[in-house]
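Asker: Going down the list, the protein sequences come from chains H and F. Heads up, the first sequence is in the working numbering, so the first residue is 25 and it goes up one at a time. Heads up, the second sequence is in the working numbering, so the first residue is 25 and it goes up one at a time.
Quick caveat, the hints were computed from the structure, so don't treat them as lab data. Owing to the predicted nature of the structure, the values given are computational and were not obtained by experimental measurement. A couple of the hints might just be wrong.
The list treats identical chains as interchangeable, and a pair is accepted whether it falls inside one copy or across any two copies.
[Stated by the list, open to error] Result set (PhoX-like, lysine-lysine): computed pairs, CA atoms no more than 20 Å apart in a straight line:
(1) 257 to 198
(2) 186 to 230
(3) 258 to 230
(4) 198 to 258
(5) 230 to 279
(6) 230 to 121
(7) 198 to 72
(8) 74 to 119
(9) 230 to 257
(10) 163 to 74
(11) 163 to 186
(12) 119 to 101
(13) 198 to 163
(14) 257 to 279
(15) 179 to 198
Number of protein chains: 2
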Amino acid sequence: MIGYLGPRGSFTHQALLAYLQATNNTSTLDCFEATTISQVIDAVNNGKIKYGVVPVENSIEGAVGETLDQLIRTSQKVTINHEIIIPIEHCLITKTKNLNEITKVIAHSQALSQCQSYLKRFLPNVELEPTTSNSIGVKRVSELTNGNVAAIGPKQAAEIYKVPVYEAGINDEKENFTRFTLIGTETPEPTGLDKTTIAFGVPYDKPGTLVRVLNSFASNNINLTRIESRPSKKALGEYIFFIDLEGHRNDPSLKKALSEVVSDFSFYRWLGSYPRWNP
Amino acid sequence: MIGYLGPRGSFTHQALLAYLQATNNTSTLDCFEATTISQVIDAVNNGKIKYGVVPVENSIEGAVGETLDQLIRTSQKVTINHEIIIPIEHCLITKTKNLNEITKVIAHSQALSQCQSYLKRFLPNVELEPTTSNSIGVKRVSELTNGNVAAIGPKQAAEIYKVPVYEAGINDEKENFTRFTLIGTETPEPTGLDKTTIAFGVPYDKPGTLVRVLNSFASNNINLTRIESRPSKKALGEYIFFIDLEGHRNDPSLKKALSEVVSDFSFYRWLGSYPRWNP
């Protein structure tokens, strides 16, 4: 069974479908629709489901803090098993064909913020109501009898809840992608085109540690594709760093670079070595 | 005039009051209450207000992306003029004295997530409704005639909207602080206990640049107190780094370190040199 951040029609649901298609997985997998990211990660950790799909990073909004925080909070069992990247296209979804009838737009705050310019230009005086997910907004619009409310979300959500798309691609930045991860409890074999994600803390009284760690990767010719910091939650100014590296943890150079620095960490967690998204 | 992310009673409002007290500012400044972070930053940039207070980082939830993104989007005029740090104490605010009467808790999603353990333990079956700000939740509770709904927020909001605090300090992590910045258009003189914030991009095809930049600071004995990455919004995997350094941009060592690396940046913005919070 495979879990995802639902409801059906969400961008995470789309990422799951893209993954199944890219890996030619035609089996009719049972799906588990979770309402929060933590629920997906917990279910994989408890063995209730084999895999889960959760968002990690959007090209406009940045890191998804909840995913990063939960990945290091659970036991060592859950790791990243695959990267998934999909384009994000927001649509204005509403029952009316006349924008003047719309008095309210409901959507996740990220969607509202990603469509600011469109909303300012075409719907300058409407109320903006943040919802916990775009799909929930589309579902709410589907249940209304009038056309006063519009939702923002993916075209798949409009199809599922049978509400017309008034306009597609209303996001301000057209280059809008979200990176998801398939989480599980296995370590995929190296494919030659892999990434490794690690999380670590550096001692508060040794400010040079982060630089030493990055230098170790650089001197071993390991490309760092991403660095993200999250609060340690212990004290303001103490961080956990999340780093994505090119390569698999079985690669000798990656092993060597890590062995040079692992004793410097106040906290260390290998979060997975997995195939890059390359459909 | 000084603007802040309102409404009155918000944590940002508290930060503003803490700043005025710490700097012995007893003048009766006119305050401008904004509904979004962008509104505060725009108003300072347009000269409508002289100063603004916005959150930048919480010790549990991490960076406030909107603040970082807006600071580099506006013209060069707006800089950080002071750091402000206040403790965050969440209270359960409701008209009832009986928890069994509560069917719904409304608060900002960060507050709901920061009080998860308390809510699971004492209010396991209530509906959780995210609002755009905690103070708006408290205001809504104040307008209800029954005690079915509770809000989460600072005790100041409870005082302002005259709703009783049922319990104070319900946040899961007791070490919960938020860092704010006073923004303006001046550069404060060095005080000997300053910080400097810079933002920069590194060329996509030169992955070693970030390490070189950090090495330059380290070799000039400049402590880095924070590193944060935000998406460039141009392509997934391209970042803008925000770095807080100890010192003032007039310090010779900081000048030297910056001069060594500034030509490596694909984008560079000095965001201010300002007194550290040391009330």
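Asker: Identify every previously stated hint that the structure contradicts and give their numbers, smallest first.
Answerer: The structure conflicts with hints 2, 5, 6, 7, 8, 10, 12, 13, 14, although it agrees with all the remaining ones.
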